[in-house]
Amino acid sequence: MIAWIRRLGRTGIDFFEKLGRGSLFLAATLVGLPEVLRRPRLLVAQMLSVGVLSLLLIAISGLFVGMVLGLQGYNTLVDFDAEESLGVVVALSIVRELGPVVTALLFAGRAGSALTAEIGLMKATEQLSGMEMMAVDPVHRVIAPRFLAGFLSMPLLAAVFGAVGIYGGYFVGVGLLGVDEGSYWAQMQAKVDLYEDVMNGVIKSLVFGFVVTWIAVFEGYDTVPTSEGVSRATTRTVVHSAFAVLALDFVLTALMFGKD
Amino acid sequence: MPQAPTDKQSDALVRIRGLYFTRGERVIFDGVDMDIPRGSVTAIMGPSGTGKTTLLQLIGGQLVPDRGSVQVDGQEVQDLSRSQLYELRKRMGMLFQSGALLTDLDVFDNVAFPLREHTDLPESMIRDLVLMKLQAVGLRGARDLQPSELSGGMARRVALARAIALDPMMIMYDEPFTGQDPISKGALLKLIRLLNDALGLTSIIVSHDVEETEEISDYIYVISGGRVVGHGTPETLANTDSEWVRQFMRGLPDGPVPFHYPAPDYRDDLLQA
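In order, the protein sequence lines correspond to chains A and B. For the first sequence, the numbering used here gives the first residue as 1, with consecutive numbering after it. For the second sequence, the numbering used here gives the first residue as 261, with consecutive numbering after it.
FYI, nobody ran anything at the bench for these hints, they're computed from the structure. A portion of the hints provided could be inaccurate.
As the list claims (entries may be wrong) - When the alpha-carbon atoms are kept at most 25 Å apart in a straight line, the in silico SDA-like pairs for lysine to any residue are as follows: (1) B:K350 to A:L33; (2) A:K18 to B:D326; (3) B:K445 to B:G485; (4) B:K350 to A:T125; (5) A:K18 to A:V31; (6) B:K350 to A:G32; (7) B:K350 to A:R38.
Same shape as in the complex, but just chain B:
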């Protein structure tokens, strides 16, 4: 496995510089710089459709930036060969919004999946490892259930157990709180923080749920319109000067992002016909 370079910034596990990415005509990222420090929980926030998930795909090498650089653990992701990229991905976990559990396997086999694909461990050891991961997310008793029998929150926890199956160095969470009831939200919040600290992970959370994300993040980046519009610890962001960031963090209906979609004058519009 390649050694981390003797980079002065090597405390940053993920380094993004001058990231520029387009989809068709649309510019998704227009010069984004970001550092994700090792061992921390870093949140990337922003309104829907700002490409937060795209950013995770760029970090995971599923997409290639048009310009700029994305480095993970000192390696330039876009320069990696396919097998190097797969080696890197074994050290990354990703939690998809839907959980992305394999529907033809039960809970146990889903968690065992990466172990069986990437290791030659005997079945007895795989069993122990899977039960340990499931215990960590509180679902050891659900090992025989099919994915269709799980609630949304449980599915995400199983997916989380699967994401930590290979003991990765980092986990990326794509909108982990969306559509969760308060109890499973609480469970996920606790798990994300706990796993991060207990396993020495680096966590990246992509979310637009301000309250939950503030609660567990060490550092927050707010992106909008393809740029980083604010970043800092949750406390500094709460007292930011930027009106936009304030509107977003407090969920105000009107502000720099207007309540009304651009339209001609109301009075003229009504009197026109």
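Chain A on its own, in the form it takes in the complex:
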């Protein structure tokens, strides 16, 4: 019993220790951001590997999610003779909810894990230490550009996901199931509000981008510099990101609906 309590305490202390380390690390990263803006080439290189290379995955996933929504939505709506509202259902689900969340989960799996593994391996092969000895701060040179690239890429990817998803719903609903094309778009246009709905999704994707990238770069930087350590850190990035995204999604949704 005592041992169990002790273990619980240990876990708690470890958690807060890590949270503290992560916060200090985040602060150091943010201090390094102006330097990144002065050297846009570093940022562009990372935008390519973090953002552009995730594009195909995000677009294809968006297409399928939209198509599934089209099918599911149609089958429910048609019972109420409301299939003209399919556009609204698809757009709202994607813009407010699925776009940011699914993109963030995929982003964590694709780009987040890659960031962690890359930074972790740089640490394991003494590259970060080597930079320090060359009087180059690895947090500014390596971490900050990656962090900014992840933070900026996530909303853009979510936007692509949303756009492709709405077309996915359109292909299935209008193309295959015969929903009226005019009402698909017109109802969407009438019911989806730029501030209430679209901004809602944008805020979510900004928050998710921030948190997922933070977790990814921190896990990489904080990794135990062995091959086992890097593999554990990579797993942790995906797991913690998924938890963080889903939990934050609930919190943000509650806050945003609460506003009305």
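Let chain A serve as the given structure and place chain B on it in line with the hints.
Okay, now just chain B, sitting in the frame of chain A:
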């Protein structure tokens, strides 16, 4: 840049006094005194796990001693602010065991890295400087290779070219000979001595390869159990009175460091079951 102080000992580039350092419960250094004279090649030797690499990290300011002092060029490393420490590090080169080349850059860009980070030199001058450094280590022709395409010895030579890119006052070598074939070992030996003398550097080599290290060192410190157990020129160390140092320098399997890990009596152990 701060002037060297008017210290009587200013011929020592690195001065370590009463160094005490622990990692967790383990005492790594328990009162180490050391002087690294300017312009010399000084070796720090000792068995694996005695904290030789830790010592380099303490000199480079990556770790902070629990007690005692580490001075480099008259500056107390642990008292320096971050920017002062970075200024000092620009004048120190360090060669990591793995080379620590940046894997996303090719050989040329790796050597150019410190120049691009710390100077505003035009690209044409950076090119000339990089080619000169690469020529010095014999790898001018390998400038377009990726780090993954280099052998271990070549990677260390590229790292060496990078370490001298900013014309430092000293270079620290972490186990430079480990895992090298005889040819690259020979090349490294030659380079370490040559660069030291030609560029007027001070070199610190951390190693447990006795033969190679003896060959190029002016002075050797042997550390074990957190203390300096012997020091002197290679010749004096070869004729040392200390049995421990003799065992280490000659690589004898048995001696003060016993061949057998402490165990109960052999005969009793076998008859027990």
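Hints versus structure:
About 23 Å separates the Cα atoms of K350 of chain B and L33 of chain A, which keeps this hinted pair within 25 Å; it holds. For the hint pairing K18 of chain A with D326 of chain B, the CA-to-CA distance comes to about 24 Å; that is within 25 Å, so the pair holds. Proposed proximity of K445 of chain B and G485 of chain B is contradicted: the alpha carbons are some 28 Å apart, above 25 Å. Taken as a hint, the K350 of chain B and T125 of chain A pair is honoured in the structure, with Cα atoms around 21 Å apart against an allowance of 25 Å.
This hinted pair checks out: K18 of chain A and V31 of chain A have alpha carbons roughly 20 Å apart, not beyond 25 Å. As the CA atoms of K350 of chain B and G32 of chain A are separated by approximately 20 Å, the hinted pair is consistent with the 25 Å bound. Under the criterion of a C-alpha separation no larger than 25 Å, the hint pairing K350 of chain B with R38 of chain A is consistent with the structure, at around 22 Å.
In summary, the structure is inconsistent with hint 3 from the numbered list given earlier, while agreeing with all the others.
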